[in-house]
Structure formats: structure tokens, C-alpha cells
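For this one, chain A is given, so just place chain B on it according to the hints.
Number of protein chains: 2
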Amino acid sequence: MLQLYFWPMACSLASRIALLETGIEARYHLVHLRSKKILETGADFWAISAKGAVPVLMFEDGQALTENAAVLQYIADLRPDLCLAPAFGEPDRYRLQEWLSFVSTEIHKGFLFPTFWYTDDAAKASARERIVQTVSIVAAHLEARQHLVGEGFTVADAFLTWALLLLGPAGIDLAGWPPLADYLRRMQQRPHVQEAVAIERELRKTVTF
Amino acid sequence: MLQLYFWPMACSLASRIALLETGIEARYHLVHLRSKKILETGADFWAISAKGAVPVLMFEDGQALTENAAVLQYIADLRPDLCLAPAFGEPDRYRLQEWLSFVSTEIHKGFLFPTFWYTDDAAKASARERIVQTVSIVAAHLEARQHLVGEGFTVADAFLTWALLLLGPAGIDLAGWPPLADYLRRMQQRPHVQEAVAIERELRKTVTF
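Going line by line, the protein sequences match chains A and B. 1 is the number of the first residue of the first sequence in my numbering; add one for each residue after it. 210 is the number of the first residue of the second sequence in my numbering; add one for each residue after it.
None of these hints come from the bench; they were simulated from the model. Some hints could be false.
[As the list claims (entries may be wrong)] Quick list of in silico lysine to any residue cross-link-like pairs, SDA-like style, CA-CA up to 20 Å: (1) A:Lys-51 / B:Arg-354; (2) B:Lys-333 / A:Trp-117; (3) B:Lys-260 / A:Val-132; (4) B:Lys-260 / A:Trp-117; (5) B:Lys-260 / A:Lys-51; (6) B:Lys-246 / A:Ala-144.
In this text, all values refer to a predicted model and were calculated from it rather than measured experimentally.
Okay, chain A solo, but in the shape it has when bound (with noise of 0.2 Å):
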């Protein structure tokens, strides 16, 4: 069975968003991202990955995948029958690519990494400079659309969808851009992001950062 490490409401959301799309079975072991130990075993989980960061999804032969643009292209390509990613081959799955990085370049390695976890508040607001526009652009361009990329939703929804529920917790107002909040609206309208998100939000309320 598919295992998937994750810190409740963390990146890790949008691979577990993608697992339930699926509608596959996977063990969720819930890791520290602070003590770097597996909760349910106490285990210690540089041991599973040497980059001690989640996702990481844990194949039945022991290895490990990690980085949400690689981990959410091979859940959606475990069932393509449902085109939670466009075929290969197809150019639509270089714009799902190109949205991958986007949301963990600019989103989240740009903006809610340094928020959430520097120390010093210059080097929080030098993370900052460049946030409004980087929410610009994702707003632009589902100005006119449903979806980031095609007509239907992709892991790069998934993907989108975490990272603007921790827009609000990082001091950044979707109000100022409404396709966005329209957006992130219609996204938790769907039965497996509620889910995904209810049961992450229960187990957050279980820990201390």
C-alpha cells in the first residue's frame, strides 16, 4: 500500500487533496516537521527522508518519493482514466508543470516557508515584497477560467488550493482578488478536498508546532 508522511495542513494536503481524487488506499503517518519524528511510532523520520520534509510517498518496495511537483504528477498518473493531470505528451501537461512550480517556487518556497518558519521579521518582510504579485498573476489568469490548467481539475488545483488556505494564515487577504476567493470557493466544494482538509484540520488541533 502507498504511504504518504505529512504535517497536518502542510504542502503534504495537496498530495492526500490528490490521493483521496483517486480513490486509492494509503497509510498517513503523520511526521513532526519541528522533532523530525513519525508521532504514531516516535521513529525518527530523516531516517525516511534525508531532506526531512513532507510529502514524502512511500512506494511498497521502500522508496521514497519526495517534492509535491514529482509526488502529485505520479498519483494523478496512477489513475489517468480520471485526468487529474493532462497525458504526457499532451501540451496542456507542461502548463501543469509550469503551475507546479510556480505555487512552490513563488507561493511557497518564496513567501509561506520564509513566514511561517524565519525568525527574523526583516527577512519575513523581504519575503514579502514580492507576494502581491505573485497572487496577481494566479488571479489573472483564473480570471476567466475554472480551473489553472484545462477544463477540468488537476493536481495543480490541488496544489493551489492548500496554498491559498494559508494565504489567510500568512497575513494575505484573498478578498483583494476576487477569482481567487471565488476560486478557492468552488475548490472546497468538492467532496475530496472538505474531506482532506476536515481531517487534517481535526489532526492539527492534536499537535503543537
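Only chain B this time, still in chain A's reference frame:
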């Protein structure tokens, strides 16, 4: 003809290396990253891409693809016979995506970007805190390997080569990680890496950041 918008020695160098490896002819446009002007014509780069960032790969139909993680895969797939990326559907394709993501999030956006763009010293220091761990992960992976993915050169190596070339100017001495210093020497022996770096180092002398 394909067109690549670049700034000399920015991460678009990886795209140039990949294009040279394919042997596909392209036009190269130098974009000034601060003024956002295309040097040759003085035209506004914002009109090409709302992100204002390189690389931008423009297709014959005028559509633009951004983000190295997507651009490099697109270029590799133009010449599947050269194996610059594992074929779609191969397990190693996800390894390629994993490394493209790691280089762009942890090395580029997590460290090189703040080092060269942040103006606040405390902010630069915050970005620096994790770079030794990050570089060590790559070094450990390359200890018993010649390339990042599989047995041959891929576009992930083009991307990492660029990142390693910039670590020195960013204050990280690769001499501390012999597998990485060796790897970079090997990569720099590739004719197309040499050619791309020689071209961009010359061009870099002609412009002020």
C-alpha cells in the same frame, strides 16, 4: 523558431544548455532583469511574461512557457532520442521531476534568490541557514553516481550545473563537498555546457545588474 528569453548566468542558462544539447536552433533574447527591457529592442518584457522572470521559452505560435521545471522537460522531449529526460511513464521521469523541483525550490528560491535579491542582511542570513543541509543532500546523492538521474546526462544536470556555478559567488565553497566539486568539473567538460557558459559569461560582462 523557438525563442529563449534569458539573463546571462541566470537560471535560464540551464535552458540554453538544454537547447544546445538538442541541437535545435533558437533565437536568444537578453532581458534586463531589473529594467524588464529586452536589450536588443528596448521592448517591454512584461508584455512577454507577466512574471517578469526568465527563462521564457516562446513557441512559433507566440505562446510562452515559463518555469525551468517545465521548460527543461519541454526541451528534452523535443529530442527523445537523446534521452535528456527519461521517457514519460518511466519511474525515473518522476526522479527527474523530483530533482528539478529540489533545485528550483531549495537551492534557487530558498537560497540563491534571497542571496542575490534581498537587500536586508538579516534576510540573507535567514535564507542561508539551510543551505549546508541542502547542498549536503545533493552531495550525498552524487557520491556514487555520475548524474542526478539514471546513467546519463539529463536536463536535471543542466539545472544543477547552473545552480552549482552560482553557489561560489553566493559564498558557498564547493570544496567542502568533493563529490559536488567533481561532478561540476565533469559537467563543465561537456562541450555544450562549456559553450553555454562561455557565451553567457561574455554577455554578462556587457551588462550591469
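Now for the hints, and whether the structure bears them out:
1. A:Lys-51 / B:Arg-354: holds, 19 Å
2. B:Lys-333 / A:Trp-117: holds, 14 Å
3. B:Lys-260 / A:Val-132: Judged against 20 Å, a Cα distance of about 12 Å means the pair holds.
4. B:Lys-260 / A:Trp-117: violated, 25 Å
5. B:Lys-260 / A:Lys-51: At roughly 29 Å apart (the allowed maximum being 20 Å), Lys-51 (chain A) and Lys-260 (chain B) break the hint.
6. B:Lys-246 / A:Ala-144: violated, 28 Å
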